[in-house]
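Using the numbering used here, read the sequence shown as starting at 160 and increasing by one per residue.
Hints in this document: simulated from the structure, not taken from any laboratory.
Only a predicted model underlies this, so the values are computations on that prediction, with no experimental measurement involved.
Don't take every hint at face value.
[As the list claims (entries may be wrong)] Beta-carbon label-pair distances, calculated as ranges: (1) 362 to 325: 26 to 36 angstroms; (2) 361 to 412: 27 to 37 angstroms; (3) 352 to 379: 36 to 46 angstroms; (4) 343 to 176: 21 to 31 angstroms; (5) 340 to 362: 19 to 29 angstroms.
We put the CB at the ideal spot given by N, CA and C, even for glycine.
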Amino acid sequence: MNIKAELSNKILRENILEHQKEARFYDLIHTEIFNSFEQQRISRGLSEAIELLSKDHPHCLDVGAGTGNIALKLLGYDAASITGVDLSKEMLSKLREKLAQYKSKATVKLIARDIDSFLENNDQTFDFIVISSVLHHLPDYYATIKNLQQVLRPGGVIFITHEPFRCTRKKGGLQEKMIKKLDYAFYFLRYLMFIFAGKLKYLNRDCHYSDFHTGEKAINIKEFAKSFDDNYKLSVNKFAVAKFALSAKMLNRKRLFNNFEIIVKKNA
160 MNIKAELSNK ILRENILEHQ KEARFYDLIH TEIFNSFEQQ RISRGLSEAI
210 ELLSKDHPHC LDVGAGTGNI ALKLLGYDAA SITGVDLSKE MLSKLREKLA
260 QYKSKATVKL IARDIDSFLE NNDQTFDFIV ISSVLHHLPD YYATIKNLQQ
310 VLRPGGVIFI THEPFRCTRK KGGLQEKMIK KLDYAFYFLR YLMFIFAGKL
360 KYLNRDCHYS DFHTGEKAIN IKEFAKSFDD NYKLSVNKFA VAKFALSAKM
410 LNRKRLFNNF EIIVKKNA
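Model the full assembly from the supplied sequences, consistent with the hints where possible.
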């Protein structure tokens, strides 16, 4: 086994282990995804992306479906089918529990497998593909994106959101530091409160490999955009993510962005 293959396997294994730990508490832990500001932003971007579709009743692929952040929203868009793929069977188990509370005409299929092996063994194509907070977990997100393009139908749309990008601006502004320090301090206090209330337990998390493409290894937006050739039209939006809605609003107001989303449409 070569070094690249060993690293890929390590990233996959660590993601399985970390999400196995998190599954039961995922929605409580990841307030940067589930706070009101970020949920409104994701819903807005999702609506904009779906409006670009060339057909009604789309067949949708939710990459890294997790506990249902995207899949449950897709139920409200009159989809013909929703295929949710996630490497964590524990995360999908939480999603199944939530789905039991919904009524929808869409056919929903959940598959516990990493996205690359799913695509290798898949002959289905899709009108709409959503990738939310997933790329930075993947061993080779460039290769995955190229494979996803192969299963996107003409006129179809890919919506990529909540991904950290490589920040080139100088850090260290006092206001930014204070916002982020207070944001984390209140998050830590909240974490302790949930532990004492018995709703959460301490998770000894090690995200060095599971969140591999972050920090200095985070995504270069310009280089990533080159993954799509002239057969695609895309728009890019930068925004700020924080643990709490107020912090996110303040960072966005000051244009202190740390995440991005891309909406890509394939020519018909």
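Status of each hint after checking the structure:
no. : hint                           : verdict
1   : 362 to 325: 26 to 36 angstroms : holds (27 angstroms)
2   : 361 to 412: 27 to 37 angstroms : holds (34 angstroms)
3   : 352 to 379: 36 to 46 angstroms : holds (38 angstroms)
4   : 343 to 176: 21 to 31 angstroms : holds (24 angstroms)
5   : 340 to 362: 19 to 29 angstroms : holds (22 angstroms)
The structure fails none of the hints (numbered hints given earlier).
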